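Participant: Protein chains in written order, with numbering that gives the first Met the number 0: chain S, 0 to 96; chain G, 0 to 483; chain X, 0 to 487.
The hints are simulated quantities; they were obtained by calculation from the structure and are not laboratory data. None of these values were measured; they are calculated from a predicted model. A portion of the hints provided could be inaccurate.
[Unchecked claim] Dumping the calculated BS3-like pairs for lysine-lysine here, alpha-carbon to alpha-carbon at most 25 angstroms:
1) Lys22/S <-> Lys95/X
2) Lys40/X <-> Lys95/X
3) Lys460/X <-> Lys266/X
4) Lys40/X <-> Lys7/X
5) Lys292/G <-> Lys17/G
6) Lys266/X <-> Lys92/S
7) Lys414/G <-> Lys449/G
8) Lys78/G <-> Lys92/S
9) Lys92/S <-> Lys135/G
10) Lys92/S <-> Lys17/G
So the chains spell out like this:
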Amino acid sequence: MSDKGSIDIDYLANLARIELTDKERELFSSQLADILGYFEQLNQVDVSGVEPMAHAFQVENVLREDESVEGFDANTAVEHAAAKRNHMVQVPKVVEG
Amino acid sequence: MEYEVVIGLEVHVQVRTKSKIFTSVGVGFGCDPNTLTDPVVLGFPGALPVINKEAVEKSVKVGMLLQSEIPEVTKWDRKNYFYPDSPKNYQISQFDQPICEGGKVEIELPGPSRNVMGEHKWIELTRAHLEEDVGKLNHFDGYSLVDYNRAGTPLLEIVSEPVLHAPDEAFAYLNALRMLMIYGDISDCDMEKGQMRCDANISIRPAGQEELGVKVEIKNMNSISGVRNGLAYEIERQIQTVKAGGAIVQETRGWDAAKNVTYHMRFKEESHDYRYFPDPDLMPVRIDDAWRKRIAATIPERPYDRQRRYYEDYDLPFTVTSVLVPDPKLCTFFEEAAKACGKARQAANWLMNNLLGELGNAGLSLSESKIKPAHIAELVNLIEEGAISKNIAKEQVFGTMFETGDMPAAIVEEKGLKQSNDTTELEPVCQEVIDANPGPVAEIQAGNDKAINFLKGQVMKATRGKANPALVDQVLKELIDKKG
Amino acid sequence: MAVDLHFKTLSELQALLSAGELSSVELTQALVDRKEAVDDKVQAFNSLDKEQAIAQAEAADQRRAAGSVLGPLDGIPIGLKDVISVKGQPLTCSSKMLENFVSPYDATATTHLKVAGAVLSGRLNMDEFAMGSSTENSAFKTTVNPWDLERVAGGSSGGSAAAVSAGAVPVSLGSDTGGSIRQPASFCGVVGFKPTYGRVSRFGLVAYASSLDQIGPFGRSVKDVATVLQTIAGHDPKDSTSIEQDVPDYAGAIESNKSPWKLGIPKEYFGEGLDPEVKASIQSAIDWYADQGCEIHEVTLPHMDLAVAVYYIIATAEASSNLARYDGVRYTHRSKDAENAIDLYFKSRAEGFGEEVKRRIILGTYVLSSGYYDAYYLRAQKVRTLIRLDFMKAYETVDALLTPTSPFVSFKAGEKNEDPLAMYLSDIYTISANLAGIPGISIPCGLNSEGLPVGLQIQGKPFGEADLLAIANAYEEAHDYSSQHPSL
Ligand SMILES: [Mg+2]
Ligand SMILES: [Zn+2]
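Could you put the whole structure together from the sequences, leaning on the hints where they help?
Facilitator: Below is the structure:
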């Protein structure tokens, strides 16, 4: 994590599917560099043998029985979609990729 | 140059549950669009997933059927990528601690002819992991419509090692997997309903070369035969490309079943950086010994173990096992009938040669059949006891039994079909036939034994088949001898 | 009606309702009036459906008339941070992305409030998707501090803190991912409580960072937040991270659990960067507890200074994934300029998200991306374990920890906008509780020389809410800070 400054902002924006303005690209690049620089201090800690923590309190086997209930009616499901047709959400042409 | 083909398959099997994997809305096919949805399925703000226990249990069961290792603890991860059919733009899946690790599947390759069993092989598996399905995109001119009904359906992704070497092996592998899923009551694996989907990784290399060739991924092969055809096309395409001096590029291709070709979809460079990380909304699942034992108790005999048992215990021919074994319900039917009459081959023959055909003609399934194992067993016994002939059974009993579900003995009784074993009744009939057919009689007297069949047929006709053929034979011979 | 109805505590209002001296409709109307009088200045509310609130109040009055009061919250107006779902109400998260979204379902906390008869009165402003420490990141408006309109209310639950502080609701709900309840409570001079992770269901709370988020109450007194917590706490089968633990009787615990407590002073909270006046206030609180006979222990949380780094890795990573669903497809803002489905994402997200949200999504995307996961995310998860262990070690000796809630009092609007890292560092005292999953409360601890509130933070053991409330209540009862109100 020492290659700060080498942030590929376009790669990240593409992964995150956010179109950035030139101003944002510049601003974020430099701010991210600062922040990643700040993160460097984590390198000073010895974490060997330390379990990573994915949950504040980890319990196990939180499961539900396989019982089914009624779902949304078709109108509710697509109520807030910006475009819809035949109770389905309409999107512009999907290009493969 | 000879080329070796290397194929690995990723198969998604829909695990049969009543409700979705992470919420209580029902699972279904062919429902009105977006009615099998709720805040969780649609990824509405604030919605949270809760694991369906049945999906976990069935997946463990699959792992046991596949002889996988079931790790103590399994957990859920998010696979991040954007696509309009994905409600959250991440898929809840499993990354580094899948529910099943390793495993193997026994397959049966096609034999040299339809009547001869092919070679059996074991196909090694990498893993199987449990995940949620996405919605369905319907494409139109200039726009697409999304139906999220399928989103959140539990899928088990079974990944094979790259150890398959021919389209036929892939075909056999998928059939074997499908049989296992049906045996385990996991899924019907109806590919048309999307209950089983298959992607393939395929490469070729000069025979003898260690290093793997460039890998191409094939998608959209929507039937088991489609997989065989798609792979066959792709192998040929790759070999021709290399022979023509070209190079194989790492890419994803789609199978167009109508045109019978694979086509370019995207290059690997465009592939995703999925940013897997543990799903903070879901807790790990520990499968302890008690739970394991409970599931293990439900593991059925595997298909090819059953096939071997049928050879050994019942001495059935391959032509019969190859029909019975893929269908566990048919097997149960057969075994019950065989057990009830003690004559496995005969019971199997009645099933194969008569019942399946009648059901097919009537468009009925085995469970809808009015003929039950007890009917077949009784029928076999009636023939064995000489109460009726095979012909009578076939022509006069079976059809009625199929229509009405009446027991064969009752039908025989009611129709008066019981075979006549009384020589005093038979003698006059036989005498009449002898008298009416001097020609054949003369032939018999001249030493042509086969001519007696004609006379026998006449007697059977006159008795409407009720006569015991062996007895007719005996009486005719005696009368002709006497006539001398 | 009494002129100062709007600054009464929940318990006082409850008493008036029970005595028949006040109806819920009168109360609700008075608070609606108060909101209309002051919110032009404070900007705490995103929306308030007056008719709905009055209708709920009428129903409460009818129950009261029929002698079937549902409990201490029956007929009491409560404001909700605009990140908690109420069926049929807007759920904007103060984002353009969800500007027109109306939730089709109730959060579990909402269901509990409805069952208790509370009047759900108003959607409260916040930093967009709860990302921020000043409520300046709202797409709609900046909530300001009722004590000084040039200063921030804190964040991200700035609206929830300011609405209580300004007298527009007696109690409210917020959410706390890195201090988003405690810090604004401290800035606005009210009580704010972040429960143990898993104590209150997150179902229906719009996720920012799922492993850190927790709903909690704001109020004018410790007892008031205890009453609200009592109502919303408990295991929820719809939230796999909610913990199956009995909910104790908090009011009873406040009465019965008395000093002396063993209290820890983590030295890492008193170093560089702590405002001297804040330090002095906290020190006087520590001295007060000592005077009551409490054992005061200096303790150490050696990994504290790493908490901000750990937090901004874990929170942004989770956020980058949690916010992927806001994509222009099913229910969010959709760009009108998109030519294809992929373009739809890029443009809708560019238009729908504000700058801070974009910055955190990009950062979170980075720390999870191929080649960086182990160095950032995985490492942060391990240091998180160390931070948690620090707290558990401290709790072997002490019942709770006394610290400032924030290194400083409320700052001027715009002051930290240009420097995200400086803004992130302002959460330094609150985020480790979220990382460790432990509960924490901020209570008023006097005003500084400029008349701005200072907050005392008390952090407790996992599921030690009852102790924490008792410790906080003792201090509150002995001081009149909670009765100080801003003049608006
Ligand atoms: Mg895969
Ligand atoms: Zn998959």
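Participant: Work down the list of hints and note, for each, if the structure agrees.
Facilitator: Checked hints:
Our distance criterion of 25 angstroms between C-alpha atoms is met by Lys22/S and Lys95/X, whose separation comes to about 20 angstroms. Restraint check for Lys40/X and Lys95/X: satisfied, since their Cα atoms lie roughly 22 angstroms apart, inside the 25 angstroms limit. Taking the CA atoms of Lys460/X and Lys266/X, the gap is near 18 angstroms; set against the 25 angstroms cutoff, the hint holds. Proximity of Lys40/X to Lys7/X is assessed by CA-CA distance (about 21 angstroms); at most 25 angstroms being required, the pair is judged to hold.
Taken as a hint, the Lys292/G and Lys17/G pair is honoured in the structure, with Cα atoms around 24 angstroms apart against an allowance of 25 angstroms. At roughly 59 angstroms between alpha-carbon atoms, Lys266/X and Lys92/S are farther apart than 25 angstroms, so this suggested pair is violated. This hinted pair does not check out: Lys414/G and Lys449/G have alpha carbons roughly 32 angstroms apart, beyond 25 angstroms. Restraint check for Lys78/G and Lys92/S: satisfied, since their Cα atoms lie roughly 24 angstroms apart, inside the 25 angstroms limit.
The hinted pair formed by Lys92/S and Lys135/G meets the criterion: a straight-line CA distance of about 14 angstroms does not exceed 25 angstroms. A threshold of 25 angstroms between alpha carbons decides the hint, and for Lys92/S with Lys17/G the separation of about 33 angstroms lies outside it, so the pair is violated.
Hint compliance for this structure: hints 6, 7 and 10 are not met, and every other hint is.
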